[in-house]
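Protein chains in written order, with the numbering used here: chain E, 365 to 459; chain H, 1307 to 1496.
In case anyone wonders, no lab produced these hints; they're calculated from the structure.
What you are looking at is a predicted structure, and each value in this text was computed from that prediction instead of being measured.
Among these hints, one or two may not hold up.
[Claimed, not checked] Chain E stretches covered by chain H per the calculated footprint, using a threshold of three residues with CB under 8 Å from any CB of chain H:
(1) 379-392
(2) 401-408
(3) 420-427
We put the CB at the ideal spot given by N, CA and C, even for glycine.
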Amino acid sequence: MSNNSVLKKIKNGMMLSCDTATLLISKREFEKLSIIDGLRLKMHLTNCNLCRRFEEQSSEISTHIKDFSNIENPKTLHNLSEEQKNKLSKLIDNK
Amino acid sequence: MTNNTDLINPKLWISNYGDLLYNYAYSRLSSSTIAEDLLQDTFVSALKSMENFRGDSTEKTWLFSILKRKIIDYYRKSSTRNEISESKYKNPFKEDGFFEGHWDNNRGPSNWSNAADGQIHQNEFQAIMEMCLALLPEKHKAVFVLKVMEDIETNKVCKETGCTASNIWVILHRARLQLRECIEKNWIDE
């Protein structure tokens, strides 16, 4: 084993990669992480500027998604055309 | 006893809820044709099951619950047609070397604060978000829409789309990485 791969092994044992850290960030939104994963993620985020950014942006995306999933107060972007409305009205009337 | 016809009036469905239902479907299906099809199916099912409507919920909530079921059905069918194929998207992490798994050069998240400081235009964001969703591989989109947008239980999402309790997180992770990068390219850089 080369020196490089020994170092890599040690590093991977101790630290999460950004790949795994961001996966845990996505997962954490829906499920509680194990204590070990939670700690490793916390440690990673303390040191990794880019993953902290990912965390912020990810939650920003989720907030937006929740906003336009809200059926009581929707921000409607797409409307039915008159043609579509007529077609659907006919369908309802004929039943 | 209340008559169902007091609570439900199909003649007003299109004018009262047509755009809302259509917009909801469109944002999850990225297609006007499919959204329109599902709306038709929704109204047909609603007319058939009108008698069972007991007024426990509002007419609007009831119609939305039917549409939501149609969206699940749609993605169940599309998932059996589509395998989790290798998407063209490459994860933004280094594939080898000492820094394997770290953000690849120039593909890490940029600073969004300039764009976020000002008023975030909800409609603009939604438009870009929808465009980026449309670019996801079908199977990833199915899992993302059902889990993240529809907030359906993990087990049920897996049952409908054929994912497993472990690979669902990998799929969602890839979908989110791709979405984030797409949003950044199209929204922040403008």
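For each hint, the structure was consulted:
Residues of the segment 379-392 of chain E lying with their CB closer than 8 Å to a CB of chain H number 8, which satisfies the three-residue condition for coverage. Counting residues of the segment 401-408 of chain E whose C-beta sits closer than 8 Å to any C-beta of chain H gives 0, which falls short of three, so the coverage hint is violated. Coverage of the segment 420-427 of chain E by chain H holds in this model, with 6 residues showing a Cβ closer than 8 Å to a Cβ of that chain against a need of three.
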